[in-house]
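Visitor: Kindly generate the complete structure, drawing on both the sequences and the hints.
Now for the letters of each chain:
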Amino acid sequence: MNIDSIQNGIVIDHITAGRGMKLYELLGLEKLDCSVAIIKNVHSLKQGKKDIIKIDADIPVNLDVIGYVDPGVTVNVIRGGELVEKKRIDMPETLVNVIFCKNPRCITSCEQELKHIFKLTDRKNKVYRCLYCETKAN
Amino acid sequence: MRHLINILDFSTEELQELVDVANDIIANPGKYSEVCRGKKLATLFFEPSTRTRLSFEAAMYELGGNVIGFSAAQNSSAAKGESVADTAKTISCYADIIAMRHPKEGAPLVAANAASIPVINAGDGGHNHPTQTLADLLTIYREKGRFDHLTVGLCGDLKFGRTVHSLINALSRYEGLKFVLISPEELKLPSYVKKDALKQKGIPYEQTTDLEGAMPELDILYMTRVQRERFFNEEDYLRLKDSYILTPDKLQNAKKDLSILHPLPRVNEISVAIDDDPRACYFKQVLYGKYMRMALIMKLLKEAGRL
Chain H
1 MNIDSIQNGI
11 VIDHITAGRG
21 MKLYELLGLE
31 KLDCSVAIIK
41 NVHSLKQGKK
51 DIIKIDADIP
61 VNLDVIGYVD
71 PGVTVNVIRG
81 GELVEKKRID
91 MPETLVNVIF
101 CKNPRCITSC
111 EQELKHIFKL
121 TDRKNKVYRC
131 LYCETKAN
Chain R
1 MRHLINILDF
11 STEELQELVD
21 VANDIIANPG
31 KYSEVCRGKK
41 LATLFFEPST
51 RTRLSFEAAM
61 YELGGNVIGF
71 SAAQNSSAAK
81 GESVADTAKT
91 ISCYADIIAM
101 RHPKEGAPLV
111 AANAASIPVI
121 NAGDGGHNHP
131 TQTLADLLTI
141 YREKGRFDHL
151 TVGLCGDLKF
161 GRTVHSLINA
171 LSRYEGLKFV
181 LISPEELKLP
191 SYVKKDALKQ
201 KGIPYEQTTD
211 LEGAMPELDI
221 LYMTRVQRER
231 FFNEEDYLRL
241 KDSYILTPDK
251 LQNAKKDLSI
261 LHPLPRVNEI
271 SVAIDDDPRA
281 CYFKQVLYGK
291 YMRMALIMKL
301 LKEAGRL
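Here the protein sequences line up with chains H and R, keeping their order. No gaps in the numbering here: position 38 of the first sequence is 38 in my numbering, and each next residue is one more. No gaps in the numbering here: position 150 of the second sequence is 150 in my numbering, and each next residue is one more.
The hints are simulated quantities; they were obtained by calculation from the structure and are not laboratory data. Heads up, some of the hints might be wrong.
[To be verified] So these bits of chain H aren't anywhere near chain R, every CB distance computed over 10 Å:
| id | residue |
| --- | --- |
| 1 | Gly48 |
| 2 | Lys86 |
| 3 | Glu134 |
[Stated by the list, open to error] In silico EDC-like pairs for lysine to aspartate or glutamate, Cα to Cα no more than 16 Å straight-line:
| id | chain 1 | residue 1 | chain 2 | residue 2 |
| --- | --- | --- | --- | --- |
| 4 | R | Lys201 | H | Asp33 |
| 5 | R | Lys199 | H | Asp122 |
| 6 | R | Lys80 | H | Glu111 |
| 7 | R | Lys194 | H | Glu111 |
| 8 | R | Lys195 | H | Asp122 |
| 9 | H | Lys115 | R | Asp86 |
The beta carbon of each residue, even a glycine, is placed where N, CA and C say it ideally should be.
Guide: This is the structure we're talking about:
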């Protein structure tokens, strides 16, 4: 299967197979009017299978979302058909308004303007806790 | 700006410093009677409290300072929908330090992030209650002369009991501690407290439902109330509320120098017949809480450059 190469845009590579759609949704890519390709189950020497997302526009993407959903993903920035930047995305220390606290006793449950902030408290087990009530993110 | 939101905001050295100051206040109260003259403590209590609010107020008065504030959310602009952050910014214009109790977990942290004066967490829902822990620590220190090499039994509502979580976190930093966690199955210590405070640090603990069986090895017995206000279901509360009632016969196998603590208020969990037992420390604990709050107010005001 062929997908055209892009001139100016973003390629999100090395996505764990099956997580491409989740990233597409969390990054809000359905709102874009440029071409976006989700390529599933691409053969990978390292991973066996992987997903790839190609965005045909040089737009800012929320790297924290990517690091939270699938640490280890690489984000390639293409300009003029050339790779100008390649970033390997790790788990972010802090998530702001990426995930939301579901604890009904948390102050975020009643103050709508408050940002939902989660801190990485256990990198090995990928545990994030609400900054305010310390409830674990699901 | 330094605040006290979680007991772990303070190092063990700082806790010892507070204990030392509190002991000095007990020995020389006159020395501290004018320290906070002209300073104002704002007690922002969005949830009912007798002990904690009055303890803070008594502490500030004994330091020569003044107190402003409210004792229920309906008496504040929160009833009009004002945010915690806006309340904190407003109060920063009137007072030198804030003590805040709020039913929602994390509210004092929100206040601390917005305020330009020190904020003390006076209890946030079932989450933290660090100044109760300060009272507990001074009680333990005055009774035992140390924080290390103790077997500490915690009994009752270990799930919602915020004082239990804070005390475990505080004591887990000392050497030679062992914890005995005594509770009904439904009110066991949350797994994250067990993991973060005990398992990861290799601190020995056992979980049991048997208070009498655990009694002989305990140096400290920390009783807690099953907290009605934390239950969404009244039936669950009624079923669990009298799970443990400490009576004189249950102390038969206890150590002679056991110290019985309780954050109060008690409902049924300690028989009044225990009150005259020399091992009962819970009313001394109330008094020590005031001295630790005095030491804390002075420390935070000094660090904020207001003393």
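Visitor: Hint by hint, note whether the structure agrees.
Guide: For each hint, the structure was consulted:
1. Gly48: holds (33 Å)
2. Lys86: holds (36 Å)
3. Glu134: violated (7 Å)
4. Lys201/R / Asp33/H: violated (52 Å)
5. Lys199/R / Asp122/H: holds (14 Å)
6. Lys80/R / Glu111/H: With Cα atoms ~13 Å apart, lysine 80/R and glutamate 111/H stay inside 16 Å; holds.
7. Lys194/R / Glu111/H: violated (30 Å)
8. Lys195/R / Asp122/H: Since the Cα atoms of lysine 195/R and aspartate 122/H sit roughly 11 Å apart, the hinted pair holds (cutoff 16 Å).
9. Lys115/H / Asp86/R: Holds, at roughly 15 Å.
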